[in-house]
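Q: Using the hints provided, position chain B relative to the given structure of chain A.
Read off the chains here:
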Amino acid sequence: MVVLMLLLIGVFILWRIDSPRVERFRMAVIDRVVPNLDWAFAPVAGAINLLTDFQSYLKIYEQNQELRRELQRMESWKEAALQLEQENARLLDLNNVRLDPRLTSISGTVLTDSGSPYRQSVLINVGARDGILDGWAAMDGIGLVGRVSGVGERSSRVLLLTDASSRVPVTIQPSGQRGLIIGDNTLAPPIDFVENRDLIRPGDRVVSSGDGDVFPSGVLIGHIAVDTGGRMRVRLAADYERLEFLRILRNYGTERISGTGSMILPETPPAPLSDASTAESGAND
Amino acid sequence: MTENTLNRLWFMRLMFALLSFGVMFLHLLPLNTLPSSLGSPDIILALAFCWALRRPEFVPVGLLAFVMLFADLMMSRPPGLYAAIALLAVEMLKARASQLRDMPFSVEWISASIAIIGVILGHRLVLLVLLVESFALQTALVQILLTILIYPVVIGISWLFFGLTKPTLGEVNALGQRL
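Chains as they are written, first to last, in the working numbering: chain A, 253 to 537; chain B, 30 to 208.
Hints may contain errors.
[Unchecked claim] Listing some non-contacts, in silico: residues in chain B with all C-beta distances to chain A over 10 Å: (1) Phe40; (2) Ala46; (3) Asp131; (4) Phe134; (5) Ser135; (6) Leu154; (7) Ile173.
[Said to hold, decoys possible] 25 Å max Cα-Cα, derived SDA-like pairs, lysine to any residue: (8) B:Lys123 <-> B:Lys195; (9) B:Lys123 <-> A:Leu258; (10) B:Lys123 <-> A:Ile261; (11) B:Lys123 <-> B:Met44; (12) B:Lys123 <-> A:Leu256; (13) B:Lys195 <-> B:Val136; (14) B:Lys123 <-> A:Lys330; (15) B:Lys195 <-> B:Pro181; (16) B:Lys123 <-> B:Phe50; (17) B:Lys123 <-> B:Gly151; (18) B:Lys123 <-> A:Ala380; (19) A:Lys330 <-> A:Gly481; (20) B:Lys123 <-> A:Leu259; (21) B:Lys123 <-> A:Val255; (22) B:Lys195 <-> B:Met104; (23) B:Lys123 <-> A:Met253; (24) B:Lys123 <-> A:Gly262; (25) B:Lys195 <-> A:Met253; (26) A:Lys330 <-> A:Ala341; (27) B:Lys195 <-> B:Pro107; (28) B:Lys123 <-> B:Ser135.
[Stated by the list, open to error] Partial chain A-side listing against chain B, Cβ under 8 Å, derived: (29) Met253; (30) Asp365; (31) Gly367; (32) Tyr370; (33) Gly387; (34) Gly428.
No lab work stands behind these hints, which were simulated from the structure alone.
Cβ atoms here follow ideal geometry from the backbone N, Cα and C, with glycine treated the same way.
Just chain A, same shape as in the assembly:
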């Protein structure tokens, strides 16, 4: 009994001192156990989802009415979007812009959630075997969901933006203000460290800024909303209600330009022109 207590407390103290090593051990244990239970997770989750879906069928008439109203509103948005799309295509064509070709993605399905009300994370079925690295961004189809924190051989953990230890640097468009999204276990995490609040309005787009070289920049996160306490929060674009498939963005970091001199002057000064070449150029003239 005493030995076991000491052992457990020892594990905890070890975790407190050398967290990364113990977290790697945790990831290895999960990696060993969870993918083997994959066959059981999917049908049970499916059956329970079926039941909850059945309950929602009972409210189908209300839903139908609501969807009709929404569809009407969407028609006008669709017009606006089509016009913008054409304009965007024209402008891209004019600029001959090439979007970042290295930004490719890899998709995985969600195996489990964190299993605890205090932690917001999910486990996905791609891991080191598929080339996943710690820190890569995870999206659903629309917006940023979180980042990879902990990679096993066959699985990896994605820390959601809503987790209390999640911090993501963002840019708010169109004002270009920088800020930090701080997860607090709610669906709409607050945004903080903004320089000038007055420039930000509800509805502004929030995208990742790429500061700190963890995320690629320009990935949509959500829209600004103001809560009853007057605090700015981000209404997340990703659908957190049903996270089934996640896309992990491969991100090998952006190239840095270091040293100013080499931009202004070439690194090696050009060799003095020889007599022969001057003579030749003279002859050409």
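A: Chain B only, in chain A's frame:
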């Protein structure tokens, strides 16, 4: 009435482990990825208290430590701490089990509730002292309440499916010792 054979002893120990893993499995199902402030009852803790108070020999220390440490690892809690506190609480309850046996159910429920409150709040307190990031107090309070409420349910299920009762007077275990 079920016999207290060695087979039954090991069967019940195995069932304890299996039930705990089943509860973990249900917790890990990716049903709800929305954050909620409601919290969920710690059924493993309630199960351990309930069985330890009725039949301490079904929840040996080593098994309990292993199960709780595994739960810590799977549910992304700081590993070891929650297990250590739960172990301490279960051992304290076991020491008191023989006195509680003759008491009405309400007394047992209250002492189990005190242990539940102690474990969850103690866990938070240690995390707070060691400056580990800790989470909404509200969630912890709801968790305590739900765990206390689920305790009689766990007892009912244990009794219904596994015939788990308090030992009656003069009952002996597999080795012939008085319970």
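Q: All hints, please: hold or fail.
A: Against the structure, the hints:
no. : hint                  : result
1   : Phe40                 : holds, 23 Å
2   : Ala46                 : holds, 14 Å
3   : Asp131                : holds, 25 Å
4   : Phe134                : holds, 28 Å
5   : Ser135                : holds, 29 Å
6   : Leu154                : holds, 14 Å
7   : Ile173                : holds, 12 Å
8   : B:Lys123 <-> B:Lys195 : holds, 13 Å
9   : B:Lys123 <-> A:Leu258 : holds, 19 Å
10  : B:Lys123 <-> A:Ile261 : holds, 21 Å
11  : B:Lys123 <-> B:Met44  : holds, 19 Å
12  : B:Lys123 <-> A:Leu256 : holds, 16 Å
13  : B:Lys195 <-> B:Val136 : holds, 14 Å
14  : B:Lys123 <-> A:Lys330 : violated, 67 Å
15  : B:Lys195 <-> B:Pro181 : holds, 14 Å
16  : B:Lys123 <-> B:Phe50  : holds, 22 Å
17  : B:Lys123 <-> B:Gly151 : holds, 19 Å
18  : B:Lys123 <-> A:Ala380 : violated, 45 Å
19  : A:Lys330 <-> A:Gly481 : violated, 34 Å
20  : B:Lys123 <-> A:Leu259 : holds, 21 Å
21  : B:Lys123 <-> A:Val255 : holds, 18 Å
22  : B:Lys195 <-> B:Met104 : violated, 32 Å
23  : B:Lys123 <-> A:Met253 : holds, 12 Å
24  : B:Lys123 <-> A:Gly262 : holds, 24 Å
25  : B:Lys195 <-> A:Met253 : holds, 24 Å
26  : A:Lys330 <-> A:Ala341 : holds, 16 Å
27  : B:Lys195 <-> B:Pro107 : violated, 34 Å
28  : B:Lys123 <-> B:Ser135 : holds, 17 Å
29  : Met253                : holds, 5 Å
30  : Asp365                : holds, 5 Å
31  : Gly367                : holds, 4 Å
32  : Tyr370                : holds, 4 Å
33  : Gly387                : violated, 18 Å
34  : Gly428                : violated, 29 Å
Checked against the numbered hints given earlier, this structure breaks hints 14, 18, 19, 22, 27, 33 and 34; the rest are met.
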